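**Student:** Residues per chain, in single letters:
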Amino acid sequence: MNIDQLVQTGRVHRCVYQDPEIFKLELEKIFSATWIYVGHESQVSQAGDYFCTNIASQPVVMARHTDNKIRVLYNRCAHRGAKVVNCESGHSESFKCCYHGWEYSNDGNLIAVPQPRGYREDAVRPGDPAYAMKPVPRCDNYRGFVFASLSSRVPSLEKFLGPITKSFDDLIDRAPDGEIEVAGGVAKHLYIGNWKLIFENLCDGLHPNCVHKSSIEAAQQQDDSVFSDGAGEIGVSQMRQNGVPWDFWENEVGLWAYPYGHSFLGDYHNDKNLSVAKNNPSFGKYYTALEKAKGKIAAEKILKVNRWNTNIFPTISFMSQFRQLRVIRPLSVNKTEVLGYCFRLKGAPDEMFHDTIRFANITNAVASPVLTDDLETYLRIREGLKTKGNDWVSTGRGIGRDIKEEDGGWRAENGLSELHIRNMFNVWLSYLKT
Amino acid sequence: MAAHKILSIRNIEEFLFMEAQLLDNRQFQNWLALFSKTGWYWVPISTEQDSPYDHVSIIYDDRKLLETRIRRLNNINIHAENPPTRTSRIVGNVVLNSIEEDSGTYEVCSKLQLVEFRGERQRIFAGQIIHYLSAENNKIFIEGKRINLVNAEGLMEGLTIIF
Numbered sequence: 005m006n007i008d009q010l011v012q013t014g015r016v017h018r019c020v021y022q023d024p025e026i027f028k029l030e031l032e033k034i035f036s037a038t039w040i041y042v043g044h045e046s047q048v049s050q051a052g053d054y055f056c057t058n059i060a061s062q063p064v065v066m067a068r069h070t071d072n073k074i075r076v077l078y079n080r081c082a083h084r085g086a087k088v089v090n091c092e093s094g095h096s097e098s099f100k101c102c103y104h105g106w107e108y109s110n111d112g113n114l115i116a117v118p119q120p121r122g123y124r125e126d127a128v129r130p131g132d133p134a135y136a137m138k139p140v141p142r143c144d145n146y147r148g149f150v151f152a153s154l155s156s157r158v159p160s161l162e163k164f165l166g167p168i169t170k171s172f173d174d175l176i177d178r179a180p181d182g183e184i185e186v187a188g189g190v191a192k193h194l195y196i197g198n199w200k201l202i203f204e205n206l207c208d209g210l211h212p213n214c215v216h217k218s219s220i221e222a223a224q225q226q227d228d229s230v231f232s233d234g235a236g237e238i239g240v241s242q243m244r245q246n247g248v249p250w251d252f253w254e255n256e257v258g259l260w261a262y263p264y265g266h267s268f269l270g271d272y273h274n275d276k277n278l279s280v281a282k283n284n285p286s287f288g289k290y291y292t293a294l295e296k297a298k299g300k301i302a303a304e305k306i307l308k309v310n311r312w313n314t315n316i317f318p319t320i321s322f323m324s325q326f327r328q329l330r331v332i333r334p335l336s337v338n339k340t341e342v343l344g345y346c347f348r349l350k351g352a353p354d355e356m357f358h359d360t361i362r363f364a365n366i367t368n369a370v371a372s373p374v375l376t377d378d379l380e381t382y383l384r385i386r387e388g389l390k391t392k393g394n395d396w397v398s399t400g401r402g403i404g405r406d407i408k409e410e411d412g413g414w415r416a417e418n419g420l421s422e423l424h425i426r427n428m429f430n431v432w433l434s435y436l437k438t
Numbered sequence: 332m333a334a335h336k337i338l339s340i341r342n343i344e345e346f347l348f349m350e351a352q353l354l355d356n357r358q359f360q361n362w363l364a365l366f367s368k369t370g371w372y373w374v375p376i377s378t379e380q381d382s383p384y385d386h387v388s389i390i391y392d393d394r395k396l397l398e399t400r401i402r403r404l405n406n407i408n409i410h411a412e413n414p415p416t417r418t419s420r421i422v423g424n425v426v427l428n429s430i431e432e433d434s435g436t437y438e439v440c441s442k443l444q445l446v447e448f449r450g451e452r453q454r455i456f457a458g459q460i461i462h463y464l465s466a467e468n469n470k471i472f473i474e475g476k477r478i479n480l481v482n483a484e485g486l487m488e489g490l491t492i493i494f
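If you read the sequences in order, they're chains A and B. Quick note on my numbering: the first sequence kicks off at 5 and runs consecutively. Quick note on my numbering: the second sequence kicks off at 332 and runs consecutively.
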């Protein structure tokens, strides 16, 4: 079937989720060809710090050198090809290959080779770029969020992100000191299903009342007087909040989509009904700190931004109000790794960070009473799409009723629209066709 | 009060084996009843994790959250447990680590080997369990339970079972 035919008005062909050949094309035409989130600068705050990840299934290392610059290097020895940096993150003055001891500085330059006489004299010399751990073609950051591209032919990061940068601003500007840092470890999970499903699901307002019914009802039935050290306060109220009626999603929640496939669900929570803020003394303390640092008017303006999940296609989804970020890494057409990170707002009280952790345990932990029902749903999608009885998957909810916005984006008719899915597939198709 | 005179290692072993049986039999409400009113249940994301408050966990439930988690396991709409998971576990190598004289809390260490089966998938979990137990009127209560999985940091699919 022609690629063009896979994405049609209001539907996509089932093979976009399950054909290994399509997945190969995605690695080449999307993951190797656009901006991919690598990490946050706070993960390599000191010279010598490094953080390993991968882009398009290729190992890379984000490293800060003594020049204070952050680089993203292919994590491979120039000699015999072994992966050089093996730990997930850490600190090292240089990178040394375990195989024959070739040693690189943190900017990737070759600095030492044991027994150099054995190589042809003109061939291997420290400093020779041909024998460096090569930097990936493009690396840039938006206010500390580091992105890289395996292709040099990408637009500027600023253009790629466009108006969705406001979501990053929302996350950062909420910090009384104006800075954020990754903290509190990483919550990992694996799901059996295609990587695009999670981007669809995270801005899908229709699913919580079905998928999460068990945790919503269990939380609704919870006796409030039972002892909690904070975990239950945050967890139970968040699960209850997933159960707001469909009318609420339809009338109160907004959904926006942008060029390059990005989207966000907004207006859902304001800080009055936020599970981590409502009647919460730590939020009160935080508000005082924010107001003190920024002034009353600025503080109120900052907290007026109400964004739930922001999807940056094709690698991350984050929650600025809740200080959470998920990295989505496809392992194969039917296997996806998700890494959840938390951010600490500098200048905010410690109790607020504890709430961030509690929220992460409920939304991103592999044993979360909420997440596990999403993962089961992905599995059933994989099973269902094996049938040949119907080749098409519907994406048509709200179609034809999207509103063009002045900033170049679109606003969905309401929070139950599938605008973000259609937008993602339009962009997906344009990548695959190039 | 000399707390260490109340529970013998045999009493403790019997309690742990009974607890394991409740979980394998999916008698979750009965299992919950073993916890004290302020009991907690913790599966850290690394065996070295020293606090559940400033670091994410696989599970960290206070009494309130644990009640909700258990209630959900019995909710008819729980997709992740339809069909339900079956487990079979062995708890052994039971060691009484220490007795906190003031509070009368017993710190008990044991090993867990657990096979889980659901749908097409069978998984094996292993790790160390640390129980914090108290005894009152011949009844044992779980004040806290920590499970250090050998693959705590590892990548895994959704987890609905109770260790």
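Hints should not be assumed to be uniformly reliable.
Unchecked claim - Okay, the calculated bits of chain B under chain A, using three or more residues with CB under 8 Å as the criterion:
1) 358-365
2) 370-379
Stated by the list, open to error - Which residues of chain B face chain A? A few of them, derived with a C-beta cut under 10 Å, are:
3) Arg341
4) Tyr384
5) Asp385
6) Leu396
7) Glu398
8) Ala411
9) Arg417
10) Ala466
11) Lys470
12) Ile473
13) Glu484
14) Gly485
15) Leu486
16) Leu490
What the hints assert, rightly or not - Far from chain A, by Cβ distances over 10 Å, these chain B residues were calculated:
17) Glu344
18) Gln352
19) Asp355
20) Glu488
These are calculated hints, taken from the structure and not from any lab test. Here the structure is a predicted model, which means the values were calculated and not measured. Just so you know, even glycine gets a beta-carbon here, dropped at the ideal spot from N, CA and C.
**Student:** Indicate, hint by hint, whether the structure satisfies it.
**Tutor:** Hints, verified against the model:
1. 358-365: violated (count 0)
2. 370-379: With 4 residues closer than 8 Å to chain A, the stretch 370-379 of chain B meets the three-residue bar; holds.
3. Arg341: Check failed: Cβ of Arg341/B comes no nearer than 31 Å to chain A, outside 10 Å.
4. Tyr384: Hint on Tyr384/B: holds, closest Cβ of chain A at ~5 Å, below 10 Å.
5. Asp385: This hint holds: Asp385/B lies near chain A, its Cβ roughly 6 Å from the closest one there, short of 10 Å.
6. Leu396: Check passed: Cβ of Leu396/B comes within 4 Å of chain A, closer than 10 Å.
7. Glu398: With a minimum Cβ separation of about 6 Å from chain A (threshold 10 Å), the hint on Glu398/B holds.
8. Ala411: holds (4 Å)
9. Arg417: Violated. Min distance 16 Å.
10. Ala466: The hint is violated - Ala466/B has no Cβ within 10 Å of chain A, the shortest such distance being about 20 Å.
11. Lys470: violated (19 Å)
12. Ile473: violated (14 Å)
13. Glu484: The hint holds - Glu484/B has a Cβ within 10 Å of chain A, the shortest such distance being about 8 Å.
14. Gly485: With Cβ-Cβ at 8 Å, under 10 Å, it holds.
15. Leu486: The hint holds - Leu486/B has a Cβ within 10 Å of chain A, the shortest such distance being about 5 Å.
16. Leu490: Given a least distance of 4 Å, the restraint on Leu490/B holds.
17. Glu344: Holds: least Cβ distance 27 Å, greater than 10 Å.
18. Gln352: Nearest chain A Cβ is 22 Å from Gln352/B, so the label holds.
19. Asp355: holds (18 Å)
20. Glu488: violated (5 Å)
The earlier numbered hints that this structure contradicts are 1, 3, 9, 10, 11, 12, 20.
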